[in-house]
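Listed below are the residues making up each chain.
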Amino acid sequence: MNIRNFSIIAHIDHGKSTLADRLIEHTGALSHREMKEQVLDQMDIERERGITIKAQTARLKYNALDGNEYILNMIDTPGHVDFSYEVSRSLAACEGVLLVIDATQGVEAQTLANVHLALEHNLEIIPVINKIDLPSADPEMVKKQIEDIIGIDSSDAILASAKEGKGIKNILKTIVKRIPPPKGSKDAPLRALIIDSWYDSYQGVVMLVRVFEGAIKTNMKMMLMSNGKIYEVSRLGVFTPKDLKVNELSAGEVGYVTGAIKNIQDAKVGDTITDSERPAEKPLPGYKDIKPMVFSGIYPVDNSQYESLRDALEKLQLNDSSLKFEPETSIALGFGFRCGFLGLLHMEIVKERLEREFDLTLITTAPTVVYKVVDTKGEIVYVDNPSKLPPRSYIERIEEPYISATIITPDEFLGGILKLTQEKRGNQKGMEYIGEKRIMITYELPLNEVVFDFYDRLKSISKGYASMDYEYLDYRPSNLVKLDILLNSEPVDALSSIIHGEKAYYYGRKLAEKLKEMIPRQMFEVAIQAAIGGKVIARETVKALRKNVIAKCYGGDITRKRKLLERQKEGKKRMKQIGKVEIPQETFLAVLKTK
Amino acid sequence: MRKKLGIYIHIPFCIKKCGYCDFNSYEGMEGVIDEYVRAVKREISLISYELSAISYQPYKVISIFFGGGTPTILKSWQLLEILESCKKLFNLKTDAEITIEANPETLTLDKLKKLRRGGFNRISIGVQSFNDKLLKRLGRVHDSKKAYQGILSARNEGFENISIDLMFGIPDETLKDWEDDIETTIKLNPEHISTYNLTIEEGTQFEKLYSEAKASHYLPDEDRQVEMYERGIGLLTGTGYEHYEISNFAKACSERSESNGRKCLHNQIYWRNEEYLGIGAGAHSYMDGERRWNIKNPEEYINRLKIRERHAKRKPSAFSLQPPTAGSERLDGNKVMGETIMMELRILEGINLKSFKKRFGVEIKSTFSDAISRLLSNNLIIFENGHLKLTHKGLLFYNDVAAEFLL
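Residue numbers (my numbering), protein chains in the order written: chain A, 1 to 595; chain B, 1001 to 1407.
Honestly, I wouldn't trust all of these hints.
Said to hold, decoys possible - Now the stretches of chain B that chain A is said to cover, found in silico as 3 or more residues with beta-carbon under 8 angstroms: (1) 1097-1108; (2) 1111-1123; (3) 1223-1235; (4) 1294-1302.
To be verified - Selected chain A positions facing chain B (Cβ under 8 angstroms, derived; list incomplete): (5) L345; (6) I395; (7) K547; (8) K552; (9) Y554; (10) G555; (11) G556; (12) L565; (13) E566; (14) K569.
As the list claims (entries may be wrong) - Derived EDC-like pairs (lysine to aspartate or glutamate); straight-line CA-CA distance at most 16 angstroms: (15) A:K569 - B:D1370; (16) A:K563 - B:E1329; (17) A:K543 - B:E1202; (18) A:K552 - B:E1202.
Hints in this document: simulated from the structure, not taken from any laboratory.
The beta-carbon is built from N, C-alpha and C at its ideal position, and this holds for glycine as well.
Hey, can you work out the whole structure from these sequences and the hints?
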C-alpha cells in the first residue's frame, strides 16, 4: 500500500478548510452532491468562526500519473494556540505538511508557530500560496517572506486558489513526490498514537489513531500505555471522509478505534495504544498530561439552572478532556463551577456552547491564571481563584506564569503595540523587519496581562492586521496583590482580582469608576469601594434614585405603560442581588473592560 | 344593570406642537378638520351600530371627554355636532360629566358660551404655568394673560367645574417659580388641578434638546423635582384640595352629595381599569377584555372612514364593518389583573380589597404574597381601611411598585 500522511497548517482564514474540501472533491472521495462546504469542520461554532477545534481526518484514494494508486491520509489540525498540544499530536502523526499562506496577507504569527512545530517533528514542508485569484495577491512577496522569515526554500511553492480549484492537481502530485512514505514495521509490536478522541453515545469513546508499528485488529485486547487500562477493540474504520469499517489498521495507516471505553479521560490525546498480549517496550514520545492555564467561574444567572449547568459541562467534557471543572460557591453569584481552560479561545468556545447548545444563561467571572503562592512555611499553593488567595501575612511570595509572545504587524501600528506591551508589563526580546513593511516583535509577558483584554486591544490598535501567537515559559516571582470590591461594605467575591502592585491603585480607581457607571441608581445610596488587604484605595458613590414614577397615565397609555414597566421589570430580573444592591450581570465583566 | 361606559373623543390638532409633547397631535393640519369632524361622526354611528347589534346598548355612558391635541381649535358648532351625535346614539346618563380640553389661545367668550350652553359641563385648561418665561421655555403659544382670561371667561360663561393643568420640572424653573404658580392657581379657585412632572419622552424635540449632557443641566435635578412635587402636594392639600391621584387634585365639594367631589369621573374610569370607547385618530378603547386602538394618522383615519361611506351607500349592512382599528390586544385574566392593579395604585385611596376579590375571585394578598411582603418591608405600600395603597415613598417609586404586580 502506498501511503502518504499529511496535515495542512495555516493561519486562521488563510483557506485551510476550503483547500481540504477541494482535495476531497478532486480525489472523488465525496461526490459533488455530498460535498457540504468545509466537510471536515463539523461543529456549528467551527463553521461560524472559520476555525477547527477538533482534529479530523480523511482517507483519500489518489490515482497518480505514475499509474499507482495512493492512499492519502489528510489529518486536519486545530488552528489555534490554545490547542497547540493537539496540533503537535496531529503533526506527530504525519510525515509532511502543506503550509498554506494567503497570497494577500503573507506570513502571520500563527503560520510561524505551526512551521516551528512541523520543523520540530522533522516534517517535509510544502509551501502553498493560496488565494492567488484575488486582485491584491502578491505571490512573489509571499515567496520572499517564506525564505526570509521561515528560512525554507520557496522556489517550488505551489500557487493555488482553493476557492477556484487552481493548483489542486499540482498539490496532489507534489504530496506523492515529496512527502516520504511512512516507515515502521508491520510485524513489530503495536504502537498507535491517539491523535484525537471523542465520545459517541452508541460506541463509547472513539479514538482517532495513527499506527506507527504493528497492526491493530478487531477483537484484539488493546492497552492504553499511560494508564495500563485494557479494552477489547470492537470496531475499526477509516473516514473517507464517510465512515468505512475495516478489520485491521497496520503500520502507516490512519483510522479510528472503538472499544466500549466509557470515559474520555482514559483515551487521552497523545497516548499510545499497544497490544496487551504483545506490548511494545516504550510508548511513542511526546505524551503530556495537559493542564488548564486559564480559569474562570461560570454561574447560572438563575440558580435553578445549576443542575442543568453541571449536566451540560459533563456532556462537553465527554468530548473535551482538557476542560476541567469543579463546584464553586460565590457569595455574590451563588452556586457555580470553577472551570479550567487551555486558553482564552477555549474558554469562549466552551461558554458559547453552553449557552447555545444547552440554552443556559450564564455569568462568567473575569478569567484568571494559576498563581503559584509560596507561603511563610515554604509550602506551595496553586491559586486559580482570587478569593482563595491566602491572607497577605501568610504569603512569602507569589509567582505568576509568563509567556513568550510573537507578534507580527504592519510597521505603522508598531508604536501603539509597543505602548500596549509596555502597559502589560512586557519585556521586549526581539524586533526585526520581515519584508518591507512588516515587523516581528517577540516579547515576554505575564499571562495574567494577556488574559484580560490584550488580544482585543491588539486587534483594535492594528485594525485587525496584527497577528499573535504565544507559548508558555515559566513561573516568575512578582509583586502581586489582591484587589477587593465592596458594595455598601459587603465584599463581592466575584469582583476580586489579583493584580500587579504598581497598577493596583490606578486600576482600583478605574474599576470603581467603571462600576459607578454600570450599577444603576437604587432607592438608596450605593457606596463602591476598592480595597487592598482591608485598606480602601478608592470610593465612588451611586446616588440614590429619588423617584421613578410615570406622571401621566390615561386611557391611551395603558398598554404602552404596562409594557414599559414590564421591560423595567425584565431588566431587574436579569440583575444579581448582592445584599440589597441589584447589579447587572455585565458588571462582572467590568473587571475585564477596565483599563 | 347597565354597565358604566366612558367615551373619549380625540381631536389631534394643535396650533403648534409643543416640544415636550408625545401625544398624537399635529400642527398645520387645519385643512382636514372639516373632513375629520365628518369622519368622527361616522365612527360614532358605526360604533353605536356595532354596540346595538350585540344587544340594546347595555351601556350607560357616564362621561364624555373631548381630548387632544387641542379640541377647542375646532369651531364650536363642530364640537357640538360631535357631542350631539354622541347624545343621539348612546345612552347618556342625565348628569354625565362632559369635559372639553382647551388651550388658552383658542378660548373666546363666544366659543365658551356656546360650548357651555351646548352641554359641556367641565373644562380642562392647559395652562402649564403662569410664568411667561417658563411658557416660552415650553414653547407654548399662549402667555399668562391669555391663561387668566381663559379661566375667568370660562367661569363667567357658567363653567362650574374647571380644571387647570400645571407642569413642574420645566427647564430653568426654580422652586419659587413653582410655588408662585401653585399660589396663583389656588387664587383662581379651580375645582380640579393636575400637576405633571415634565417628562422627557422618546422621540420628542425635548429629547434631542435635553438628553445631551450640554443642555441637561437646564432641567431641575431630580432632588429639586421631588421637592417641587412635594411642595405642590403640601400647598394644595393645605388649601382644601384632595390629592386623589399621583398627579391630580380635586376639591371636596360640599354641595354635591356623592363622595366623589370634583374628582374627574372620566379619568377614574381609566384608573379603575373600567370600560371606555375611544373615537378619533389613535384613540384607544377597552371593552369586553379587549384593547383596541385606531389608526393614528388623521388623514389615514379620514380615508378609512371614507371608504366605509361608499360601501355604506351601496349596501346599508356595511355598517357592520369594523371601526377604523389599527390593532387590538385581548387580555387574559392575569393581564387584566396586573393592569388593574397598575392603574388602581395610581389612585391614592388605593385598591379596595373586597372589590378586588369580587372582581377577580382571588385575594390580592395571597396571589401576590411575595411582592407584597417585599413592598411592605421597603415601606412602599400599606394596608389601610380595607385598601392596599401607596405610601408617600411609594408615590415616588410608583413604577417599581406597579411592576411587581406585572408578568
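Requested in this report: State the violated hints by number, sorted upward, taking the hints as numbered earlier in the document.
Outcome: 1, 2, 4, 5, 6 and 17
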